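Protein chains in written order, with the working numbering: chain A, 1 to 275; chain B, 1 to 248.
Hints were generated in silico from the structure; no laboratory data involved. Take the hints with a grain of salt, since some may be wrong.
[Stated by the list, open to error] Not close to chain B: a few residues of chain A, all C-beta gaps over 12 Å, as computed:
#, residue
1, 78
2, 121
3, 255
[Claimed, not checked] Across the chosen pairs, the derived CB separations fall in these ranges:
#, chain 1, residue 1, chain 2, residue 2, range
4, B, 25, A, 123, 22 to 28 Å
5, A, 103, B, 40, 31 to 37 Å
6, B, 153, A, 93, 58 to 64 Å
7, B, 151, A, 93, 54 to 60 Å
8, B, 109, A, 125, 23 to 29 Å
9, B, 151, A, 165, 40 to 46 Å
10, B, 109, A, 82, 48 to 54 Å
11, B, 17, A, 233, 37 to 43 Å
12, A, 135, B, 40, 43 to 49 Å
All values reported here derive from a predicted model rather than from experimental measurement. Just so you know, even glycine gets a beta-carbon here, dropped at the ideal spot from N, CA and C.
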Amino acid sequence: MKVLPVILRPAPAPWRAPVLDRRHGLFLALGLVLAVGAAEAQGAAAAHPSVLATLWRWTPLLMEGFVFNIAISLLAMAIGTVMGVLLGLGQVAPSAALRRVAWFLTQFFRNAPWLVLLFFAMFLLPFEVRVGGVTIPLPGWLKATIGFSLPVMANTAEIVRGAIQSIPFGQWEAAESLAFSRRRTLWMIILPQCVKRMLPPWMNLYSLVTMATVLASVVGVTEMLTLVSEVHAAEGGRAELLAPLYGYALICFFLYCYPIGRLTVHLERRFQVRI
Amino acid sequence: MEGFYDWFRWLYDATGINLTIIYDAFDRKRMISGFWMTVRLCLICIALSVAIGVVGAWLQGSRLKWTRRGVQTFIALFRDTPPLVQIYFFYFGLGALLPRVENAYGIPEPVLTNVQWAVLSLSLFAGAFNVEIFRSGIEAVPKATVEAAEALGYSRLRAYIHVVLPLAFRICLPALNNNIVNLVKTTTLAYAIAVPEMLYVAKQIWSDATNVPEMMVFLLLAYVFLVGWVVWVMGRIERALKVPGIGL
């Protein structure tokens, strides 16, 4: 298959459910056992409850935090995608001025660090907005969500632009010769083909957003990482508990993001562009 | 120079734009040291992560099953977990488990400082991505090239260093570029463990002078400048390494 890549295309690998291999489980368990064991060894002398029991006891609270993280990521992804598609379409607009503005916005928000954008949103957005006579409060988590949706917007815009430009230009011309208007060409011919190409990088982006949501703890939004440090304080602030607790958070995110990553790789292979 | 500073004082009085980092000697010094800390962090992490990528990609092509699996697990673990939690895990978690050493004054202090932990965890994070990038580059090197090197009596290691890697490096430069830009942006996370880099210094300054919008805009511009500089340097490297007939 390496010798004749042009003639023989390897069939796409059959879809395997994105489960963790046994070896990943093994390594994870090993890591946890090591961290727990080290903590256990130090805690045994002082007759503390076992580390695993502690983790188990706080699991409902920590899971609540984790679900909140997921909720933030989903909301940020939804807002960012809608704005990003508009911005991406703006980058291929017929108007040169619109193109330039869209390009600038995309580059600006793509090249700024996520954490800086988060600070930006937290400090510069008002804590409430007045629309007409109605006051809408903007709590911290909502501002953080908006902060996350800014880089999502810029990255989605790049994905959309790239996908649209990867469609051969002949299709635009063919549609034009069939008397499709520009808008109908875009909606009925170009974008449906783009969806397939946009899906893998878009999912990649989602897993990046999910992993970025923990940054909200830095600017004072209560989410999983904040809860982790609160749990640590509630357990008496024992230093040897920190590694298991943060390891626990790592594992939660790993279990959520790893299948997404595997699915992305699989889709990438399946949707590979054939020219 | 005093006239220049005075102009910014005048700007503050006239428009309310308070750029203490220019006219105030103390803030200026802080910001410059923060900037250099960010640059240092970037350069060290880039070097280490590229090294991790090169070594990891070599190990991934190993004949030993367990070596390959180990590398694979390393990549999966570091790619699919939040870098901030990684930093916390290393700094707070592992840092607490490590023994303390006594310094020259007899005061116990941690083995690794927060800067060293930040460098370590950021390098591992970016390195995990680099392994994948280098591996895809190595896979793109024609097999016949490796076979030709073998026929000339190269060992696996020497063929890797002298034949495969130089070609693979050129092929994967664009992807590497992307990852390095990402790394530059990720160095802001070191803020969370009080590494005095640009974001941390900016936060200190806006706490003192309450000039949040100005510092925010300055930070964004500074990072755009840094990222632009990195892209420019990488573009130069790409052009300097170009071999006619190789690559895209």
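Tested hints:
1. 78: With a cut-off of 12 Å, residue 78(A) remains clear of chain B, as the shortest Cβ separation is near 20 Å.
2. 121: Given a closest Cβ separation of 10 Å, the condition is violated.
3. 255: violated (9 Å)
4. 25(B) / 123(A): 22 to 28 Å: holds (26 Å)
5. 103(A) / 40(B): 31 to 37 Å: Holds, at about 32 Å.
6. 153(B) / 93(A): 58 to 64 Å: holds (59 Å)
7. 151(B) / 93(A): 54 to 60 Å: holds (56 Å)
8. 109(B) / 125(A): 23 to 29 Å: Check failed, 41 Å falls outside 23 to 29 Å.
9. 151(B) / 165(A): 40 to 46 Å: holds (43 Å)
10. 109(B) / 82(A): 48 to 54 Å: The hinted range 48 to 54 Å holds for residue 109(B) and residue 82(A), with Cβ atoms some 50 Å apart.
11. 17(B) / 233(A): 37 to 43 Å: holds (41 Å)
12. 135(A) / 40(B): 43 to 49 Å: holds (47 Å)
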